[in-house]
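S.K.: Counting from 186, one number per residue, gives the positions in the sequence shown under the numbering used here.
Keep in mind the hints are simulated off the structure, nothing from the lab.
Hints may be right or wrong, so weigh each one.
[Unchecked claim] Listed below are the simulated SDA-like cross-link pairs for lysine to any residue, each with C-alpha atoms no more than 20 Å apart in a straight line:
1) LYS240 <-> GLU203
2) LYS240 <-> ASN209
3) LYS240 <-> ILE250
4) LYS240 <-> HIS204
5) LYS240 <-> GLN253
6) LYS240 <-> ALA207
[Claimed, not checked] Here are the computed distance ranges between Cβ atoms for each label pair:
7) TRP197 <-> GLY233: 23 to 31 Å
8) ASN236 <-> ASN202: 16 to 24 Å
9) PRO193 <-> HIS258: 31 to 39 Å
10) ARG199 <-> LEU227: 19 to 27 Å
11) TYR251 <-> ARG199: 19 to 27 Å
12) LEU227 <-> THR255: 18 to 26 Å
13) ARG216 <-> HIS254: 30 to 38 Å
14) GLN252 <-> ALA195: 30 to 38 Å
15) ARG216 <-> MET186: 34 to 42 Å
Don't be surprised by glycine CBs; every beta carbon is placed ideally from N, CA and C.
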Amino acid sequence: MDTYFADPCAAWQRGTNEHHNARNRHYLPIRTDFRTTTEEELQEIITGINNQPRKYLGWATPAEIYQQHTQLHDHSVALQT
Numbered sequence: 186m187d188t189y190f191a192d193p194c195a196a197w198q199r200g201t202n203e204h205h206n207a208r209n210r211h212y213l214p215i216r217t218d219f220r221t222t223t224e225e226e227l228q229e230i231i232t233g234i235n236n237q238p239r240k241y242l243g244w245a246t247p248a249e250i251y252q253q254h255t256q257l258h259d260h261s262v263a264l265q266t
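Hey, can you work out the whole structure from these sequences and the hints?
M.R.: Below, the structure is given as structure tokens:
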């Protein structure tokens, strides 16, 4: 596995990270006062972010990938005697 390290203060070296920051800022502008943000509002934001298709996921959503992953790794089994 290749590992990449970005230099401090070099946002252009972290394209995906910066893209996600911009996506989050769409919902939560820089000066958002989280003291007035309700749990319901945060859950709506999380749902919106997790249900947006991503090119790097083959246009699947993070929620779909999570669902597939958890179904593949379902370790619940019936006990046999």
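S.K.: Work down the list of hints and note, for each, if the structure agrees.
M.R.: Hints and how they fare:
1. LYS240 <-> GLU203: Roughly 15 Å separates the two Cα atoms, so the pair holds.
2. LYS240 <-> ASN209: Given pair LYS240, ASN209 holds - Cα atoms ~17 Å apart, limit 20 Å.
3. LYS240 <-> ILE250: 13 Å, holds
4. LYS240 <-> HIS204: At roughly 12 Å apart (the allowed maximum being 20 Å), HIS204 and LYS240 satisfy the hint.
5. LYS240 <-> GLN253: At roughly 17 Å apart (the allowed maximum being 20 Å), GLN253 and LYS240 satisfy the hint.
6. LYS240 <-> ALA207: This hinted pair holds, its Cα atoms lying about 16 Å apart.
7. TRP197 <-> GLY233: 23 to 31 Å: 27 Å, holds
8. ASN236 <-> ASN202: 16 to 24 Å: 20 Å, holds
9. PRO193 <-> HIS258: 31 to 39 Å: 36 Å, holds
10. ARG199 <-> LEU227: 19 to 27 Å: 24 Å Cβ-Cβ, so the 19 to 27 Å window holds.
11. TYR251 <-> ARG199: 19 to 27 Å: 23 Å, holds
12. LEU227 <-> THR255: 18 to 26 Å: 22 Å, holds
13. ARG216 <-> HIS254: 30 to 38 Å: 36 Å, holds
14. GLN252 <-> ALA195: 30 to 38 Å: 35 Å, holds
15. ARG216 <-> MET186: 34 to 42 Å: 38 Å, holds
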